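Protein chains in written order, with the numbering used here: chain X, 1 to 468; chain C, 469 to 936.
Hint data in this document are derived by calculation from the structure and do not stem from the laboratory.
Nothing here was measured: the structure is a model prediction, and the numbers come from that model.
Cβ atoms here follow ideal geometry from the backbone N, Cα and C, with glycine treated the same way.
Among the clues, some could well be false.
Computed list of chain C residues with no C-beta within reach of chain X, every gap over 12 Å [what the hints assert, rightly or not]:
| id | residue |
| --- | --- |
| 1 | Ser-477 |
| 2 | Lys-478 |
| 3 | Arg-604 |
| 4 | Ser-642 |
| 5 | Lys-766 |
| 6 | Ser-806 |
| 7 | Thr-811 |
| 8 | Leu-828 |
| 9 | Lys-848 |
| 10 | Asp-904 |
Below, a list of computed lysine-lysine pairs in the DSS-like style, where the Cα atoms sit at most 30 Å apart [said to hold, decoys possible]:
| id | chain 1 | residue 1 | chain 2 | residue 2 |
| --- | --- | --- | --- | --- |
| 11 | C | Lys-572 | C | Lys-553 |
| 12 | X | Lys-124 | C | Lys-670 |
| 13 | X | Lys-326 | C | Lys-572 |
| 14 | C | Lys-496 | X | Lys-133 |
| 15 | X | Lys-115 | C | Lys-589 |
| 16 | X | Lys-28 | C | Lys-698 |
| 17 | C | Lys-592 | X | Lys-358 |
| 18 | X | Lys-121 | X | Lys-368 |
| 19 | X | Lys-323 | C | Lys-885 |
| 20 | X | Lys-213 | C | Lys-681 |
| 21 | C | Lys-670 | X | Lys-326 |
Label pairs and their calculated CB-CB ranges [unchecked claim]:
| id | chain 1 | residue 1 | chain 2 | residue 2 | range |
| --- | --- | --- | --- | --- | --- |
| 22 | X | Ser-333 | C | Lys-496 | 38 to 44 Å |
| 23 | C | Ala-849 | X | Asp-155 | 46 to 52 Å |
| 24 | X | Glu-448 | C | Lys-832 | 45 to 51 Å |
There are 2 protein chains.
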Amino acid sequence: MITFYFDKSKDIPLYEQLYTYLKKSIEKNELHPQEKLPSKRKLAQHLKISQTTVETAYMQLLAEGYIKSVPRVGYFVLDNLNFPKKRKNKIKQKIIAKSKNKFKFDFKTNMVDAKNFPYQKFAKIKREIILDKLERNINEIDFFGLFSLREKIADILFAYRGIEAIPEQIVVGSGSEHLISLLVILLGRDNSFLTEDPAYIKNYLLYKEYGAKVSACGLDEKGISMDGLKKSQANIVHITPSHQFPSGIITPVSRRIELLNWANEENNRFIIEDDYDSEFRFSGNPIPALKVLDEYDKVIYMNSFSKSLSPSFRVSFMVLPRKLVKRYRESFSYFSCSVPITTQLSLERFIANNEFEKHLNRMKNIYKTKRDVLIEELEKAFGSNIEILGYDAGLHFLVRFKTDFSENLLIELAKIKLVRVYGLNEFFINKNRYKDEPVLVFGYSHLELDELKEAVKLLKFAWSEINR
Amino acid sequence: MITFYFDKSKDIPLYEQLYTYLKKSIEKNELHPQEKLPSKRKLAQHLKISQTTVETAYMQLLAEGYIKSVPRVGYFVLDNLNFPKKRKNKIKQKIIAKSKNKFKFDFKTNMVDAKNFPYQKFAKIKREIILDKLERNINEIDFFGLFSLREKIADILFAYRGIEAIPEQIVVGSGSEHLISLLVILLGRDNSFLTEDPAYIKNYLLYKEYGAKVSACGLDEKGISMDGLKKSQANIVHITPSHQFPSGIITPVSRRIELLNWANEENNRFIIEDDYDSEFRFSGNPIPALKVLDEYDKVIYMNSFSKSLSPSFRVSFMVLPRKLVKRYRESFSYFSCSVPITTQLSLERFIANNEFEKHLNRMKNIYKTKRDVLIEELEKAFGSNIEILGYDAGLHFLVRFKTDFSENLLIELAKIKLVRVYGLNEFFINKNRYKDEPVLVFGYSHLELDELKEAVKLLKFAWSEINR
Chain X
1 MITFYFDKSK DIPLYEQLYT YLKKSIEKNE LHPQEKLPSK RKLAQHLKIS
51 QTTVETAYMQ LLAEGYIKSV PRVGYFVLDN LNFPKKRKNK IKQKIIAKSK
101 NKFKFDFKTN MVDAKNFPYQ KFAKIKREII LDKLERNINE IDFFGLFSLR
151 EKIADILFAY RGIEAIPEQI VVGSGSEHLI SLLVILLGRD NSFLTEDPAY
201 IKNYLLYKEY GAKVSACGLD EKGISMDGLK KSQANIVHIT PSHQFPSGII
251 TPVSRRIELL NWANEENNRF IIEDDYDSEF RFSGNPIPAL KVLDEYDKVI
301 YMNSFSKSLS PSFRVSFMVL PRKLVKRYRE SFSYFSCSVP ITTQLSLERF
351 IANNEFEKHL NRMKNIYKTK RDVLIEELEK AFGSNIEILG YDAGLHFLVR
401 FKTDFSENLL IELAKIKLVR VYGLNEFFIN KNRYKDEPVL VFGYSHLELD
451 ELKEAVKLLK FAWSEINR
Chain C
469 MITFYFDKSK DIPLYEQLYT YLKKSIEKNE LHPQEKLPSK RKLAQHLKIS
519 QTTVETAYMQ LLAEGYIKSV PRVGYFVLDN LNFPKKRKNK IKQKIIAKSK
569 NKFKFDFKTN MVDAKNFPYQ KFAKIKREII LDKLERNINE IDFFGLFSLR
619 EKIADILFAY RGIEAIPEQI VVGSGSEHLI SLLVILLGRD NSFLTEDPAY
669 IKNYLLYKEY GAKVSACGLD EKGISMDGLK KSQANIVHIT PSHQFPSGII
719 TPVSRRIELL NWANEENNRF IIEDDYDSEF RFSGNPIPAL KVLDEYDKVI
769 YMNSFSKSLS PSFRVSFMVL PRKLVKRYRE SFSYFSCSVP ITTQLSLERF
819 IANNEFEKHL NRMKNIYKTK RDVLIEELEK AFGSNIEILG YDAGLHFLVR
869 FKTDFSENLL IELAKIKLVR VYGLNEFFIN KNRYKDEPVL VFGYSHLELD
919 ELKEAVKLLK FAWSEINR
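Kindly generate the complete structure, drawing on both the sequences and the hints.
Next comes the structure, spelled out in structure tokens:
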């Protein structure tokens, strides 16, 4: 007869203690295959517990397949339960965590200012929409995204970028990871994609990881090289015409026309316009989107709220050409929009309340000040040894150094002072860059004014020898 | 000389009006290629505006590449600007929106109760974390997910599922779309995946769309067929052992051991345990996860908060075997976690405050009542013509009908009464189901008690003839 002592001090029901004991006994082969378990009545008497307690434990073992029931005979331990042997070395191996950023200042791109986000207003909106709207939307996972948010995005696109899009063309997704995975499926893995080089390398890698054919094409002074594009045999090109990343080149209207004409030559050609960062041009108007000229319906426009709000909000969107909308609807109806409904609802209200516009205008001034201070400090520190490039748009700019030092040496010297700067070479996909003077890419959006000054001070120490 | 009238009533700066006028004139070929623009001074005099206004307009045209500057000579319209012709039929074609659900009641699965979500508490938590924590995390996009949330998920896994996982093994992502796309990349598209049949077909389609080789394997009374699995040549199997979807089969421990041994035979074999819905077993304890027995480190465990909180929150997670953690870290370091930081932070606090546990316990009772009422109503209406299957777990169950009517006929008759019911056949990937009596799958979680009663009343009308 099974003997077993209940631990009444524990907060675990008796049936569960009995169940666990029996299960372990079976796993350890103390109760043998085919062994008959005592009847419920007998075991209950023996253990001085109720028959229901025994029954509940037996039912659980039965449901999990540890025992079987033979009607009118009783319960038997199952055969052939050869459990995997416990690993002897099953210690909790420490899996080394990602090493923390050890730099004092890091000029990385794709960050936002953390101090000047309207936290109070955003918290208020979140609270409101959860109380007002979430109940109606708690099962809402439309694979295009929330319609009312797409209406607001259409408004923004018209107001800021001159693009006339209807909400039915707009797809909301969480970041370029998601949108690019959708595009690879929508357009087909058999297409041949082309990205710029240098570029935001992540996009290139995403195409590759998602199983598409992808290559990279060099730039000329107008953006992606038309010769390179034509030689590549690619039929889908992913470009950043408003502000090439990272070079800052603005693709002029003549090249835009060339690109559109190229796309119009074949049915399966498309242009993916990655309009990142276009919100932040500091002088004059923003450069209009290529999509504005898209009379042939060949441009897939893509943007995100990563710069205008925060990269950690993970809200991106794209405008599909009308001919792709139907295909998207047919292929993706079983997908769910990857952005949480609370995020979509609160973003919708943030835009509707004009908070988005206010925030953008405010940040434009803040970022312009940061940029001006950083450029001033760099010019004070390095004078005629540097030249600033692409400073008019976006939350980064380039600095060309007139020195014999290599790009890598500049980076390594800065690291010693705990400042991380990035070489233009780090943005190249094909390592074939023409060896010119070193160029560094400075992202400054997340650093405070005093941090910018302090960082340049450290760089001045680091690079004190460059002027020889 | 350019003649142009400013509209001073409009809220558009003069330079922008001038810029737009000049740009349109170039696009319409009214200003010809190579034509010299008037000097800034002359045009300013002529239009009675400041020279700065003219200069700003010219600078914008220059930046966009409509004109070029020849030093000490002036500005010229660029050559070869052959703009795409405006499409004549560029009407705003109405793209037909997805037809709205026209049913009065829809017994679909994968929904939650909208009425009993703790909106007040959730709103409070959201507000708090935005004010307390967002500033520190606004640029946080760790590709594993927020560490502190992963710690909480590890706690839940241990408490509810008996799984001992460390946060370093856990990856957070937005829904099965995202996790499956990661797995296809992590494991490699050259692997051969296998899903159950019948199944949650979406997962099968996702593997396929993401470019993996995938097939589907029938079930026996213990879950996925071992014979089918072995014949399939697949090396990665995606299963729902705790509660097979949609059949409700609980895979017994003997089959679990067989599966683990199968996985252990080859280095590249893995089991993806999809533990959806395991929270909601209504009698006894939850069925333990297969992962608990995973001594060989071969099980990728996957679950989501779609049922326990809401499908529209888009939070899923997986536990990687230790050997895959390193590979994930190396391959995905440039990815960003697809779940917004506010969602991650608020979920972390929701769990930490015990709100998650409270909500689960509360919903378990609510769902149990709904299930009991629905079963009672169905049995009252159809008596011995039906048999309820798999009613003990999850937010759906199966109803087998003893009738000559086909499954499709039952579905169509219900549609006439504006009730959507789902046939088991709709969950089959290979259309080879043994033609047995009709079986319908009832998801009931989103319907209120009076709706359930009303819906069954309509079904009784719809199916009044089944008993002949």
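Each hint, compared with the structure:
no., hint, verdict
1, Ser-477, "19 Å, holds"
2, Lys-478, "15 Å, holds"
3, Arg-604, "7 Å, violated"
4, Ser-642, "4 Å, violated"
5, Lys-766, "9 Å, violated"
6, Ser-806, "4 Å, violated"
7, Thr-811, "5 Å, violated"
8, Leu-828, "16 Å, holds"
9, Lys-848, "27 Å, holds"
10, Asp-904, "24 Å, holds"
11, C/Lys-572 x C/Lys-553, "49 Å, violated"
12, X/Lys-124 x C/Lys-670, "37 Å, violated"
13, X/Lys-326 x C/Lys-572, "27 Å, holds"
14, C/Lys-496 x X/Lys-133, "48 Å, violated"
15, X/Lys-115 x C/Lys-589, "27 Å, holds"
16, X/Lys-28 x C/Lys-698, "29 Å, holds"
17, C/Lys-592 x X/Lys-358, "25 Å, holds"
18, X/Lys-121 x X/Lys-368, "23 Å, holds"
19, X/Lys-323 x C/Lys-885, "36 Å, violated"
20, X/Lys-213 x C/Lys-681, "18 Å, holds"
21, C/Lys-670 x X/Lys-326, "20 Å, holds"
22, X/Ser-333 x C/Lys-496: 38 to 44 Å, "43 Å, holds"
23, C/Ala-849 x X/Asp-155: 46 to 52 Å, "50 Å, holds"
24, X/Glu-448 x C/Lys-832: 45 to 51 Å, "49 Å, holds"
In this structure, the hints that do not hold are numbers 3, 4, 5, 6, 7, 11, 12, 14, 19, in rising order.
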